[in-house]
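Chemist: Turn these sequences into a full structure, and let the hints guide you.
Chains Z and C, in that order, give the protein sequences. Sequential numbering of the first sequence, starting at 125, is according to our numbering. Sequential numbering of the second sequence, starting at 125, is according to our numbering.
Just so you know, not all the hints are guaranteed correct.
Note: identical chains are not told apart, hence a pair may lie in one copy or across any two.
[Claimed, not checked] Computed list of lysine-lysine pairs in PhoX-like fashion (alpha-carbon distance at most 20 Å, straight line):
1. K151 - K221
2. K262 - K379
3. K379 - K221
4. K151 - K262
5. K151 - K379
6. K379 - K271
Since the hints were derived computationally from the structure, they do not count as laboratory data.
Protein chains: 2
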Amino acid sequence: MTDYLVRPDPADPRLTRRVSGRDHEGKDIETSVTMERPLTLFLNGQEIVTMMTIGDYPEYLAVGYLLNQNMLRPDDEITAIDYDDDIETVVVRTARKTDFEDKLKRKTLTSGCAQGTVFGDLMEEFEDVTLDADARVKTSWLYALSKTVNTTPSLYLEAGAIHGCVLAHQDRPLIYMEDVGRHNAVDKIAGYMLLERIAPDDKIFYTTGRLTSEMVIKTVKMRIPILVSRSGFTAWGVDLARQAGLTLIGRMKGKRFLVLSGEERVVYDADPASLGEEPSRHRRKGAEDDN
Amino acid sequence: MTDYLVRPDPADPRLTRRVSGRDHEGKDIETSVTMERPLTLFLNGQEIVTMMTIGDYPEYLAVGYLLNQNMLRPDDEITAIDYDDDIETVVVRTARKTDFEDKLKRKTLTSGCAQGTVFGDLMEEFEDVTLDADARVKTSWLYALSKTVNTTPSLYLEAGAIHGCVLAHQDRPLIYMEDVGRHNAVDKIAGYMLLERIAPDDKIFYTTGRLTSEMVIKTVKMRIPILVSRSGFTAWGVDLARQAGLTLIGRMKGKRFLVLSGEERVVYDADPASLGEEPSRHRRKGAEDDN
Numbered sequence: 125m126t127d128y129l130v131r132p133d134p135a136d137p138r139l140t141r142r143v144s145g146r147d148h149e150g151k152d153i154e155t156s157v158t159m160e161r162p163l164t165l166f167l168n169g170q171e172i173v174t175m176m177t178i179g180d181y182p183e184y185l186a187v188g189y190l191l192n193q194n195m196l197r198p199d200d201e202i203t204a205i206d207y208d209d210d211i212e213t214v215v216v217r218t219a220r221k222t223d224f225e226d227k228l229k230r231k232t233l234t235s236g237c238a239q240g241t242v243f244g245d246l247m248e249e250f251e252d253v254t255l256d257a258d259a260r261v262k263t264s265w266l267y268a269l270s271k272t273v274n275t276t277p278s279l280y281l282e283a284g285a286i287h288g289c290v291l292a293h294q295d296r297p298l299i300y301m302e303d304v305g306r307h308n309a310v311d312k313i314a315g316y317m318l319l320e321r322i323a324p325d326d327k328i329f330y331t332t333g334r335l336t337s338e339m340v341i342k343t344v345k346m347r348i349p350i351l352v353s354r355s356g357f358t359a360w361g362v363d364l365a366r367q368a369g370l371t372l373i374g375r376m377k378g379k380r381f382l383v384l385s386g387e388e389r390v391v392y393d394a395d396p397a398s399l400g401e402e403p404s405r406h407r408r409k410g411a412e413d414d415n
Numbered sequence: 125m126t127d128y129l130v131r132p133d134p135a136d137p138r139l140t141r142r143v144s145g146r147d148h149e150g151k152d153i154e155t156s157v158t159m160e161r162p163l164t165l166f167l168n169g170q171e172i173v174t175m176m177t178i179g180d181y182p183e184y185l186a187v188g189y190l191l192n193q194n195m196l197r198p199d200d201e202i203t204a205i206d207y208d209d210d211i212e213t214v215v216v217r218t219a220r221k222t223d224f225e226d227k228l229k230r231k232t233l234t235s236g237c238a239q240g241t242v243f244g245d246l247m248e249e250f251e252d253v254t255l256d257a258d259a260r261v262k263t264s265w266l267y268a269l270s271k272t273v274n275t276t277p278s279l280y281l282e283a284g285a286i287h288g289c290v291l292a293h294q295d296r297p298l299i300y301m302e303d304v305g306r307h308n309a310v311d312k313i314a315g316y317m318l319l320e321r322i323a324p325d326d327k328i329f330y331t332t333g334r335l336t337s338e339m340v341i342k343t344v345k346m347r348i349p350i351l352v353s354r355s356g357f358t359a360w361g362v363d364l365a366r367q368a369g370l371t372l373i374g375r376m377k378g379k380r381f382l383v384l385s386g387e388e389r390v391v392y393d394a395d396p397a398s399l400g401e402e403p404s405r406h407r408r409k410g411a412e413d414d415n
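Modeler: Structure (structure tokens):
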């Protein structure tokens with residue numbers, strides 16, 4: 125396996141639980157199910173939201189959430205992040221005074237796995253972002269990346285009913301986050317990138333989820349020029365990707381994929397004929413687990 | 125095809141759009157993508173939320189959303205539902221005066237495809253519901269239902285990146301709703317059931333999405349005793365189903381499924397050996413499209 129910076133830990137006993145039940149033949153069985161637990165997020169003195177999460181990286185999740193909601197600015201000085209396991213609370217403290225009473229009053233819900241996103245806010249920066257025009261993605265990287273991610277031991281393979289997101293450089297996956305909510309997985313990566321100072325320009329973002337407007341907006345906000353998914357597109361997702369000049373690659377399975385925006389970044393260096401269809405061992409088994 | 129009361133209309137030109145792009149060989153292609161459009165919901169004089177939806181049943185969606193958020197009571201007299209296509213607005217009017225200023229201030233986000241749900245509210249009734257203990261589900265119904273749903277022409281089969289929910293009686297699917305947000309599909313069914321006075325006790329709820337806490341809570345609120353999914357379980361979903369006595373059937377593909385709650389309602393009348401594995405033509409092709 126490649127040397128991930130962060131990867132799933134399916135053996136972590138906090139993340140799954142064994143439950144008993146019956147199978148299709150009426151036999152008693154035991155299976156693993158994914159845990160979800162509440163995490164209440166405070167920004168300085170203010171309660172922002174309670175999220176349901178698997179709970180593995182509360183600090184990254186907290187920071188990434190605030191960043192993606194424009195409640196935290198990339199240049200904000202974070203003075204402390206206090207996570208309290210017992211009371212399931214995380215407090216992010218900043219040098220700058222913050223007040224989001226008004227913002228929290230009006231929420232627009234987005235499609236897919238929306239988190240009650242303050243959508244107008246999400247869009248705030250969108251039009252000002254310029255993505256790296258010189259970034260390239262080789263099809264050989266896409267194939268290698270896809271294979272590595274889909275064969276990496278994960279909660280998904282262990283228990284299903286979970287989303288995955290991966291930040292990659294070329295064909296190497298760097299950070300692989302999973303969560304019950306897809307946007308939590310994205311936010312954990314955004315938080316990691318901010319706190320660990322990871323540059324976005326030469327990165328590829330891979331997700332198991334659909335390429336919705338919200339997914340596109342978050343990728344653009346993170347300034348990552350290439351977004352890849354096994355899943356499909358929505359019309360608005362495609363529109364926004366084109367507007368931002370984001371390379372949008374979807375329905376990536378086996379040798380197949382479609383590019384619906386930013387085609388100029390794709391370098392066709394692999395011979396798809398040598399790949400064939402996706403072998404069943406790479407198929408994400410609980411495919412419909414994605415919501 | 126069985127006689128659905130409501131079924132997807134993949135030919136509706138409002139619901140998909142053709143877009144051009146490139147495939148894995150670098151060839152120019154055209155494909156269909158699912159539309160998503162904003163719908164702003166008012167309850168009497170108050171703006172409640174803006175949702176992203178495919179837009180096919182705004183009235184059912186509006187009523188189902190309000191009902192599932194406990195903003196509308198099942199016995200409320202609805203005096204009018206005014207949908208305005210141009211300004212993408214739907215107004216639900218009730219005889220009872222409503223005021224949800226306070227409720228809207230505090231939102232708890234749930235996992236999976238949460239809509240910024242007022243989670244505390246969602247739970248309000250949960251503990252008081254008693255589901256029909258005499259309801260039964262035959263495995264032969266499950267297999268037939270699954271096959272019918274998966275071969276019914278749908279936006280999913282046309283464009284992917286969409287969720288489906290089905291209300292069924294025995295092996296007959298009655299109402300098949302799709303939407304970009306899974307919870308929109310559920311809410312459209314809830315709205316339909318209220319407005320068209322469909323009894324829940326002898327029904328089965330089938331979803332393409334995961335069996336999360338929120339999905340379980342909504343099914344229980346709708347008073348449907350049996351919830352079935354192709355997808356997996358979360359731990360809290362299983363806990364809540366057991367608490368409510370809901371029959372929870374997941375990972376249903378081909379002959380296989382698991383029952384993790386309410387096993388006593390399942391009648392094993394089919395011989396799984398005669399079914400084999402799921403034929404690939406029944407596989408939901410864009411499996412990971414589900415979020």
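Chemist: Classify it for me, K151 with K262: is the Cα-Cα distance of at most 20 Å met within a copy, between copies, both or neither?
Modeler: Classified as between: cross-chain Cα gap 16 Å, same-chain 48 Å, threshold 20 Å.
Chemist: State whether the alpha carbon distance between K151 and K379 is at most 20 Å within one copy, between copies, both, or neither.
Modeler: between (39 Å within a copy, 14 Å between copies)
Chemist: Treating 20 Å as the Cα threshold, decide for K379 and K271: within, between, both or neither.
Modeler: The answer is within: 11 Å in one copy meets 20 Å, while 28 Å across copies does not.
Chemist: Treating 20 Å as the Cα threshold, decide for K379 and K221: within, between, both or neither.
Modeler: Neither way: K379 and K221 sit 50 Å apart in one copy and 58 Å across, limit 20 Å.
Chemist: At most 20 Å between CA atoms: does that hold for K151 and K221 within a copy, between copies, both, or neither?
Modeler: Answer is neither: 59 Å inside a copy and 52 Å across each miss the 20 Å cutoff.
Chemist: Cα distance capped at 20 Å. Does K262 pair with K379 within a copy, between copies, both, or neither?
Modeler: Within one copy, since 13 Å is at most 20 Å while 40 Å is not.
Comparing the model with each numbered hint stated earlier shows that hints 1, 3 do not hold.
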